[in-house]
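Asks: Residue strings, one per chain:
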Amino acid sequence: MTRQMTGAEMVLQALHDQGVDTIFGYPGGAVLPIYDEIFQQDRIRHILVRHEQGAGHAAEGYARSTGKCGVALVTSGPGATNMVTALTDALMDSIPMVCITGQVPTHLIGTDGFQECDTVGITRPCTKHNWLVKNIEDLPRVLHEAFRIATSGRPGPVVVDIPKNIQFQTGTYYGPKSSTKSPGYRTSAYQPQLKGDEAAIRDAVALIAAAKKPVLYTGGGVINAGPAGSRLLRELVKLTGLPITSTLMGLGAYPASGPNWLGMLGMHGTYEANLAMHDCDVMVCIGARFDDRITGRTDAFSPTSKKIHIDIDPSSINKNIRVDIPIVGDVAYVLEDMLKVWKQTQPTQDKAALNAWWQQIAVWRAKKSLGYRRSKDVIMPQYAVERLYQMTKHRETYITTEVGQHQMWAAQHFGFEEPNRWMTSGGLGTMGYGLPAAIGVQAAHLDALVCCIAGDASVLMNMQEMSTAVQHELPVKIFILNNQYMGMVRQWQQLLHGNRLSHSYTEALPDFVKLADAYGCHGIRCEKPDALDDAIAEMIEVKKPVLFDCRVANLANCFPMIPSGKAHNEMLLDEDATDDAIGSAISAEGKMLV
Amino acid sequence: MIVAGETRSAYFLQEEEKRIETHTLSVLVDNEPGVLARVVGLFSGRGYNIESLTVSEVEHEKHLSRITIVTAATLQVLEQIKNQIARLVPVHRVIDLTHIGDAIERELALVKVAGKGDHRVEALRLAQAFEAKTVDATLESFVFELTGTPSDIDRFVKLMTSCGLVEVARTGLAALSRGKDGL
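Chain order of the listed sequences is G and D.
Okay, so the first sequence: first residue is 1 according to our numbering, each after it adds one.
Okay, so the second sequence: first residue is 1001 according to our numbering, each after it adds one.
Hints in this document: simulated from the structure, not taken from any laboratory.
Positions of the beta carbon are idealized from the N, C-alpha and C atoms, including for glycine.
Some hints could be false.
Unchecked claim - Straight-line alpha carbon distances no greater than 25 angstroms define the calculated SDA-like cross-link-like pairs of lysine to any residue that follow:
#1 D/K1082 / G/K566
#2 D/K1018 / G/P303
#3 G/K134 / D/K1082
#4 D/K1062 / G/Q191
#5 D/K1082 / G/D313
#6 D/K1180 / G/A189
#7 D/K1018 / G/E589
#8 D/K1018 / G/N318
#9 D/K1082 / G/T151
#10 G/K566 / D/Q1076
#11 G/K177 / D/P1090
#12 D/K1018 / G/R124
#13 D/K1018 / G/D324
#14 D/K1062 / G/G184
#15 D/K1018 / G/I321
#16 G/K514 / G/L501
#17 G/K134 / D/L1036
#18 D/K1018 / G/G590
#19 D/K1062 / G/P192
#20 G/K393 / G/D447
#21 D/K1082 / G/R124
#22 D/K1062 / G/P176
To be verified - Heads up, incomplete: computed chain G residues facing chain D, CB under 8 angstroms, no partners named:
#23 V120
#24 P125
#25 H129
#26 L132
#27 R148
#28 I149
#29 R186
#30 A189
#31 Y190
#32 Q191
#33 D313
#34 P314
#35 K319
Bound conformation, chain D alone (with noise of 0.2 angstroms):
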């Protein structure tokens, strides 16, 4: 039970609530119009970040679907985000996939790099290692897809960036808690 001045007020808490976490967010919504601007609204209005954004409908007949964001923030604050999500009205849950942890998260880039030469080769060579598909090859470029965490990407990419790399595009993340339960 929590005894009247006993203690003292969470403020002292603050210092050490300070370190900024990222964290990936689910959130199910009905798919309406506006509905990704309202969240992406709420990130700007407040001042929250975001680093990655996924959205596609999940669930044609219920008209439903997730956003995948992930955000960076104190752990007070990833608390006030998941509660301002929430009371939009279309957003059916929020749930923090980080904090439930060991989550699956995986993304897709594709990585054009044109070359000759060695760096053709290094390329392909580097692609294989990382099991990225060829979906594209022309005799001066390659289009890689790659699908990982967004980690392996980060690393395949800064690889490509010695053999040549034009350019990259992301899916951002797409992200599911592990085990029998969902969203």
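Pulled out of the complex, with its shape left as it was, chain G reads as follows (with noise of 0.2 angstroms):
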């Protein structure tokens, strides 16, 4: 299809024909002509933001909990500025975004012009590509390839700065199809490779089969894998009879109900999934990366084991870990070719051996590494995520975090049976990702419930899109775990600098229930134990946003905990955290880690 029509007619032209129903944005002045456009159509549904960095994390939940790409729309300047933060964290997380921002037009660019900075330059590192688009010819093309990119191999968020003129300029619009016939047009160099080697597929099924302590430890590629991805994965793991682990962005792949389930790993994860990682004699690792949270000490990172690793990145492979077989393709062809292998060849596994290692596992689980004390006159944060799991788990739910010890406890104690249902900030750890996040996430399920898990003092980073909810009658839950503190902080500096307790807590936190009344959503306070039930069952039920402000032990700490620069059979668990013990935990060099 080719027709003509301005650069901001463009602009939507190629959203509508990228199946985008969505975008999150904030006008300005270099994005006015695109604007003027959504103003009048009404194929594409805007969400108006009260801060980039929102549309950005918005766009983020949305791009997490449909498996579709995210898109967000801001102006030049301070609002490409305004962004890189969440660039960054989908950067980090993989999550597909197409952002456009406005730019001065070409002639002022380069003249520190008003509301000009070099957005290409600035948001380079934290892109997977992004573009400058100077001729209107290019423009259709870019904007398509700028999809393709955002969603194809690992996905990433990419950038099309787009200066004022181009937007007002006409020519001719190429559509996703024809757009290979456009001027300009040249075969890509970026063509990411699906399907693994097929002998390395065949060693991996072998070595699998003749394990006798295995552990599959998966991560967000399955879940970015899609739908396959995860359906794949159960049927391996309900073929091999594997233990298996997830990181916090893989968390739902594999249902926490199921029963190889071991919990999350790494720094906050069980002490079966740990001990797991660290005892095995085959790690299959698939689509996750051996993050330093995952990893803890990498010289004493799981010592025994041959380690197999799938990614569609091959920058992931041998980067932290060195592993014995790399597999280079998206884990739904992988894991649909060895799941081939192993039904042709239905290799023999030790049995026995297989036995005795469940059996280690038990003794393990038998720890119940996730427990704490309970109390009946104040709540408990572990306790009010499992309240709150238990009163949501048969509903359609969508939960997303912001960053700190709330979001430890949300991917421990909130069993996830669903790929796409969980969003929160890892690689970068943004505080602010998780109000905004679910914003994203209600507009594309508008009849599921959708709750953040929050922290009092994450949540106010960008506590203004609350307002952004009630303009568009998106009932978000923001159930925010209130200890008065900022309790990571806390903790880290509880075990790292004598309990010196540096502007970690919050003197003048706003009241939230009053804070709701003002934005025009719904406030509940509660403070006991035995009134929780009650109060989250009216935060479902209210039909408006709702900031729930749960009032939690102070000083609880997340536990268990791999301290920085030990390994992970050098845990440090609830019940054996004294303060002596948190005092001591790190040694003079854990304390240069983050």
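Put the two chains together into one complex; each comes in its own frame, and the hints tell you how they fit.
Replies: Printed below as a string of structure tokens:
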């Protein structure tokens, strides 16, 4: 399809042709022509945020919960710079996002014009790719290519920077299919490999079949591989009987209620997951990247295992941890081939060894490492997450989080049964992610229950987006575990800095119930464990956005924990976490780490 | 075939792999705005070294440029560097010429010397010995053009310091593999 239209029209047409139904944005001088086009159409819904960072995180939430590409639209200068955190967040967590930014007209570029900044320069290291479109002929091709790059291979954010005069200019529009005929089209060098190497897959199957103490370690790549990724993973677990753990980003790919589930691994992972990683003889890493939050001390990481690593990004392989069988490919393609080989070869497993392994795991599980001291007087934060889970698990529930202790408690105590139901900032650890992400999720799933498990400090970072939720009638539930501290900062100060709590106590928190009232949403406060269920029920029933001020035990800490610089088998459990143990948990070398 | 639990993991090889090697990478990229910034930004952002960098368009119709980078790192990091460059969207191919072995490596230098009397005679004689061309001459100075391996140029420049060296401009390395195959 080719048609004459303005650059601004092309943007809307390309979004429509790419199947976009919702975008998140904020207008400004350099995108006014595009906003004028938005005004004159009704195919694409625009959600007006209150700060550009919110638009970015909302687009991420939308993308993560639907498997589609998130789209954000912001103006030049501050609009673009405010987007940098969200772009970096999406890059770290491999979230597909197209961000369109306005730019000063081409003749003013480089003159330090009003609201000019070097958007492609600033966003180069925090995007998968970016473009400044200086000719109208390039615009349709770049817009379609932007979606292809964002969504294919290892997904990520891209920026298309469009000067204002280009938005006004008229040119020929080419659709996604005819875009190869547009002027300046060249076959892209970027063609990610989807299918894994057959010989490597056969080796991997043989290694798994011969394993005596195997473990599956899965990550966000399974979820990015689409519904097939999770389905095939579940089939593999069923067929092989392997124990399975997952990173923060991979929760839900395998159901938390599944018999082979060990819980999350890593710094705040379960005892059984981390010890299985440490003691295993074969580790199968599927769509995860051996992040420092997972490995702990790398020179003591799983010292006796052979490692298989499936990843679509070749640069993830051997980056932090050396592996024995690398398989570059899309998780769904590789798992499908592995299952095929397994079924063809019908390998015999060492049942006796596997039974012994499961018995060992049962011993570790019996530690009940997620246990905590219960209380009748104050709400324990873990208890709050548990109750929220119990009262919402029969619904279509989506959970987002901010970053900190509450995030880890949510990951530990909320059971995720399906992929795409859990949105959290893993790699970048962005406080302020959860509230706008919840808005993005709710915009994609209007009838679902969307709940942001938040901390009192994080939630204030993008609190202004409550106004967005109210305007667009997106009834997100912001469940704040309010302990009046930056809990994770305080926990680290206790571990590292002799309990000197420098600036981790928020002395002047707002009254969240009154704040809810001010925004025109619904406020709830709960201070006692026996009132919690009724309060959660009220939160679910209210048809408006809710700010839920859940007053929890102020000084609770997040365990189990692998202190910095320690190995998987040196975990600190809640029951052992005396003041002395906490004060001496991290060595001088570990203190250097983050 | 790799057998479970038989050998220890690869970390115990780390000691011997800590040796730093200098390698020459050849990178074929789309000649589009910002492509060099992407490659250079990758090196600075991830803490890799650049010892030399040469870039120019090599195929105008196909909009292709070749970037030649000399970098020093452990073998494991060199593998990372290659993979990280390869995943940049405009990059077509990356090869490690040093790994392939015996690549042709050349650099061009312009060397300015100034002086009178013996210094001047000595400078000219050394330039002839190195087969450097004299591209500018005044009564008090010469500019020599020398093409060779980086170590040839290092040696020439070192000798010129005692003959009134004023300044040096070097192009950085251009390199190709031997034989019939291209990148």
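Asks: What are the numbers of the hints the structure violates, in ascending order?
Replies: When the structure is compared with the hints, numbers 1, 3, 12, 16, 27 and 32 turn out to be violated.
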